[in-house]
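**Student:** Letter by letter, the chains look like this.
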Amino acid sequence: MTTSAFEQFTHDATAKTADLRHRAVIQKNIASYDAAVARGKSRFADWQNARSHAAAVKWETINHLDRYLEQFEANVLANGGHVFWAETAEDARAHVLQLARRHGVQKVVKSKSMTTEEIHLNDALEAAGIHAVETDLGEYICQIRGEPPYHIVTPVMHLTKADIAQTFQEKLGTPPTDSAEELAMIARARLRREFMTADMGITGANFAIADTGMIAITENEGNARLSFSLPRVHVAIVGIEKLIPRFEDLALFWPLLSTSGTGQAITAYSSLIGGPRQEHEVDGPREFHVILLDNGRTRLLADAEQRDALHCIRCGACLNTCPIYKNIGGHAYNTTYQGPIGSVITPHLRDAQEWSHLAYASSLCGSCTDVCPVRIDLHHHLLHNRRNAIEHKFDNLIQRFLFRAWLWTMQSPVRYAIAAKLGNFALRRGFAQAFLKPWTAKREFPMPPKQSFRDYWRQHGTGA
Amino acid sequence: MEPARDNILDRVRAALRVEAHRPLAPTSAPIFPAVSDPEARFREEFVALKGQIIENAEALRMFLKGFTKITTDGSELVGKAVGEANASVHECDLGVTGCDCLVAQTGSIIVSTLSAGGRALSVLPPTHLVIARRQQIVPDLANAMALLRKRYNKRWPSALSVITGPSRTADIEKILVMGAHGPKQLAVYFAE
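Which chain is which? The protein sequence lines are A and B, in order. Residue 70 in the working numbering sits at position 70 of the first sequence; the count goes up by one each step and never skips. Residue 73 in the working numbering sits at position 73 of the second sequence; the count goes up by one each step and never skips.
Only chain A is shown next, with the shape it has when bound in the complex (with noise of 0.2 Å):
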């Protein structure tokens, strides 16, 4: 018997929220964002006026994005790289296949890029004999955990200093420690080495520019640095929507990004790329390729009310600011983008009716969109997509009988008034109590108390 993506999510989310280790690592992680969030945008001369410039420019390059697309690969070709575009996650990945054994390529090193999660590559370069290894730190925990990541940015926020010294010392075979420096200089001496030997280097990008045909990549370790400088071979899998018009655009996005990723503000690196070596300089990869993905991005640009969705620049804000992400964490979503934003664009990347469901794990309180950088609407979002779940009959009878009999209750005082009456009664004897059961397991259930509010305002109400 298959689960299917909502038992699944029902299944995890349960058990996690009732994990009181795991929300103890969450809060103490997220409380020291916020703190260093709250410095960064202090930084800026008006926050919300930032906003407003980044809505402005991603809208302008959503909503031209033709334009954008055919201006930023003309720039590409130019400068000396290819561009190669991809429909699906399997067009993607095969065109890195057919380019690594072109290449002759054994080893591939790959800096954190959430849109090769999305396809799936390190699967399909293991299952073609390729070793592909993640080179950022949390990525590399994930990797030899075999696990995805927790976070968008933060991959392995749900883990403390001790889990990970425990994945090193049983599949690393490294002595036990304490400390996060030695964890740290563990991976960057065995990272070293593949880097020296490595054939490909993969990235993702977080923007590309399209008036000078340039990739940009936000990173703190060094390691996209390494991956675009010493391997043979530099391939960037890049979504449509990364598109920024102008070079000067960065000014502000990448102060914007990183205040809102991890509160610094700008990443210890961030890179351009326009091309391969040329002439005369002394280094570099001999070819450089982007992959321009869709995967479903053209599905939700077709949706003018969530087309704002694709604004996003992945910076993880409305994770780290969202309630249900902080109980249920982040292996519980079991989408490649996790939280609100994920919430909002896996109905649309992957199957509408099999991820109806995540919807409805928000508790609506608007958070999200009070945090995003680029002012997704994403609260109205998650509502729009309960909405078109309704009008596509993904919901069932049971729900569509209950909601009508609710409706119908609620039209009538004495209607209302009779129901509130049996409610109380079963609750008071404790038979309402085994429908509550996936509520009440976990948690205490009050008293109702034997006089309704409606009762005493009779008896105590103003009188006039």
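Any given hint might turn out to be false.
Unchecked claim - So these bits of chain B aren't anywhere near chain A, every CB distance computed over 10 Å:
| # | residue |
| --- | --- |
| 1 | 23 |
| 2 | 27 |
| 3 | 39 |
| 4 | 62 |
| 5 | 66 |
| 6 | 83 |
| 7 | 169 |
Unchecked claim - Lysine-lysine pairs mimicking DSSO-like chemistry, simulated, CA-CA at most 27 Å apart:
| # | chain 1 | residue 1 | chain 2 | residue 2 |
| --- | --- | --- | --- | --- |
| 8 | A | 442 | A | 326 |
| 9 | A | 41 | B | 174 |
| 10 | B | 184 | B | 50 |
| 11 | A | 28 | A | 442 |
| 12 | A | 171 | B | 174 |
| 13 | B | 50 | B | 174 |
| 14 | A | 28 | A | 41 |
| 15 | B | 65 | B | 50 |
| 16 | B | 174 | B | 184 |
| 17 | A | 41 | B | 50 |
| 18 | B | 174 | A | 16 |
| 19 | A | 437 | A | 326 |
| 20 | B | 65 | B | 184 |
| 21 | B | 69 | B | 80 |
| 22 | A | 450 | A | 421 |
| 23 | B | 174 | A | 326 |
| 24 | A | 171 | A | 161 |
| 25 | A | 41 | A | 437 |
| 26 | A | 437 | A | 421 |
| 27 | A | 171 | A | 107 |
| 28 | B | 50 | A | 161 |
| 29 | B | 80 | B | 50 |
| 30 | B | 174 | A | 28 |
| 31 | B | 50 | A | 28 |
| 32 | B | 174 | A | 161 |
| 33 | A | 28 | A | 161 |
| 34 | B | 69 | B | 184 |
| 35 | A | 161 | B | 80 |
| 36 | A | 28 | A | 326 |
| 37 | B | 50 | B | 69 |
Treat the hints as calculated values from the structure; they're not laboratory data. No experiment lies behind these values; they were computed from the predicted model shown. Built from N, CA and C at the ideal position, the CB exists for glycine as well.
Chain A is already provided as a structure; the job is to place chain B on it using the hints.
**Tutor:** What follows is chain B alone, placed relative to chain A:
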């Protein structure tokens, strides 16, 4: 041409036939506060990020004593300050380069394949020393981008990096560790 290109562009054009709601327009107020004293601001930001400023020729001599294998970008400015290279980029313990400019707003150093001896020299060695001139400090990122545009608009270098402090990671419990993959130490010397 491959049909995928046309298919994607056709889908984009078809999708854009329906107009999306326009966001509220931003005001023309500046996005970042103005930087009044660029050199002071650069120093403050750079040191806060654990960058090291080598204040004078004597301090530079002392600093260089800590390294035996040095690689440089071969430029005149760097040669005058530290002499000739004596190791390859893969073996050296110090890489010395110039830069395009320094950004006061963020304490950043902008390097390119042209200004800093290629791609690897400013990221592979365990220590990176930048030789710059004070006049290369610009107030903010917007000015830096304008300068790069002016300098390279005819022919861009194949790679540029805005370097802001030594390499770092906070992937483990948000604990800051220096020297994740790139240089553990980053220093600047202002040549007279």
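**Student:** Confirm or reject each hint.
**Tutor:** Checked hints:
Against chain A, the non-interface label of residue 23 of chain B is violated: not every CB pair exceeds 10 Å, the least being about 4 Å. The Cβ of residue 27 of chain B does not lie farther than 10 Å from every Cβ of chain A; its closest approach is about 6 Å, which violates its non-interface assignment. At the 10 Å boundary, the C-beta of residue 39 of chain B stays outside the reach of chain A, the nearest C-beta of that chain being 18 Å off. Residue 62 of chain B, annotated as away from the interface, keeps every beta carbon of chain A farther than 10 Å; the closest lies near 26 Å.
Interface exclusion of residue 66 of chain B from chain A stands, the closest Cβ pair being 20 Å apart, more than 10 Å. Consistency note on residue 83 of chain B: stated as away from chain A, and its beta-carbon is indeed over 10 Å from all of that chain's, at 19 Å minimum. Non-interface status of residue 169 of chain B relative to chain A is broken: a Cβ of that chain comes within 10 Å, the nearest being about 5 Å off. Proximity of residue 442 of chain A to residue 326 of chain A is assessed by CA-CA distance (about 17 Å); at most 27 Å being required, the pair is judged to hold.
In summary, the hint linking residue 41 of chain A to residue 174 of chain B is supported, as the alpha carbons are separated by about 19 Å, within the 27 Å threshold. The suggested pairing of residue 184 of chain B with residue 50 of chain B holds, with an alpha-carbon distance near 10 Å, which does not exceed 27 Å. A hinted pair counts as satisfied when its Cα atoms are at most 27 Å apart, and residue 28 of chain A with residue 442 of chain A qualifies at roughly 23 Å. Distance restraint check for residue 171 of chain A and residue 174 of chain B: the Cα-Cα separation of roughly 23 Å lies within the 27 Å cut-off, and the hinted pair is therefore satisfied.
For a cut-off of 27 Å, the pair hint linking residue 50 of chain B to residue 174 of chain B stands: about 17 Å separates their Cα positions. Restraint check: the Cα-Cα separation between residue 28 of chain A and residue 41 of chain A comes to about 20 Å, which is no more than 27 Å; the hinted pair holds. A C-alpha spacing of about 21 Å is found between residue 65 of chain B and residue 50 of chain B, which places the hinted pair at or below 27 Å, so the restraint holds. Taking the CA atoms of residue 174 of chain B and residue 184 of chain B, the gap is near 18 Å; set against the 27 Å cutoff, the hint holds.
For the hint pairing residue 41 of chain A with residue 50 of chain B, the CA-to-CA distance comes to about 21 Å; that is within 27 Å, so the pair holds. Pair hint residue 174 of chain B plus residue 16 of chain A holds up; C-alpha atoms about 21 Å apart against a cutoff of 27 Å. Note on residue 437 of chain A and residue 326 of chain A: the hinted pairing holds, with a Cα-Cα distance of about 23 Å set against a maximum of 27 Å. The straight-line distance between the Cα atoms of residue 65 of chain B and residue 184 of chain B is roughly 18 Å, inside the 27 Å bound, and the hint therefore holds.
Restraint check for residue 69 of chain B and residue 80 of chain B: satisfied, since their Cα atoms lie roughly 17 Å apart, inside the 27 Å limit. Taking the CA atoms of residue 450 of chain A and residue 421 of chain A, the gap is about 10 Å. The hint holds against a cut of 27 Å. With a C-alpha separation of about 16 Å, the suggested pairing of residue 174 of chain B with residue 326 of chain A holds against the 27 Å cut-off. A hinted pair counts as satisfied when its Cα atoms are at most 27 Å apart, and residue 171 of chain A with residue 161 of chain A qualifies at roughly 15 Å.
Taking the CA atoms of residue 41 of chain A and residue 437 of chain A, the gap is about 44 Å. The hint is violated against a cut of 27 Å. Restraint check for residue 437 of chain A and residue 421 of chain A: the C-alpha separation of about 21 Å stays at or below 27 Å, so the hint holds. A threshold of 27 Å between alpha carbons decides the hint, and for residue 171 of chain A with residue 107 of chain A the separation of about 20 Å falls inside it, so the pair holds. For the hint pairing residue 50 of chain B with residue 161 of chain A, the CA-to-CA distance comes to about 24 Å; that is within 27 Å, so the pair holds.
For the hint linking residue 80 of chain B to residue 50 of chain B, the alpha-carbon distance of about 26 Å falls within 27 Å, and the restraint holds. Taking the CA atoms of residue 174 of chain B and residue 28 of chain A, the gap is near 9 Å; set against the 27 Å cutoff, the hint holds. Straight-line distance between C-alpha atoms of residue 50 of chain B and residue 28 of chain A comes to about 25 Å, which keeps the hinted pair within the 27 Å bound. Of the supplied pair hints, the one linking residue 174 of chain B and residue 161 of chain A holds, its CA atoms being roughly 10 Å apart against a limit of 27 Å.
For a cut-off of 27 Å, the pair hint linking residue 28 of chain A to residue 161 of chain A stands: about 13 Å separates their Cα positions. For the proposed pair residue 69 of chain B and residue 184 of chain B, the alpha carbon gap of about 16 Å is at most 27 Å, so the pair holds. About 46 Å separates the Cα atoms of residue 161 of chain A and residue 80 of chain B, which puts this hinted pair outside 27 Å; it is violated. The straight-line distance between the Cα atoms of residue 28 of chain A and residue 326 of chain A is roughly 11 Å, inside the 27 Å bound, and the hint therefore holds.
Using a Cα cut-off of 27 Å, the hinted pair residue 50 of chain B and residue 69 of chain B holds, with the two alpha carbons roughly 23 Å apart.
The structure fails hints 1, 2, 7, 25, 35 (numbered hints given earlier, in ascending order).
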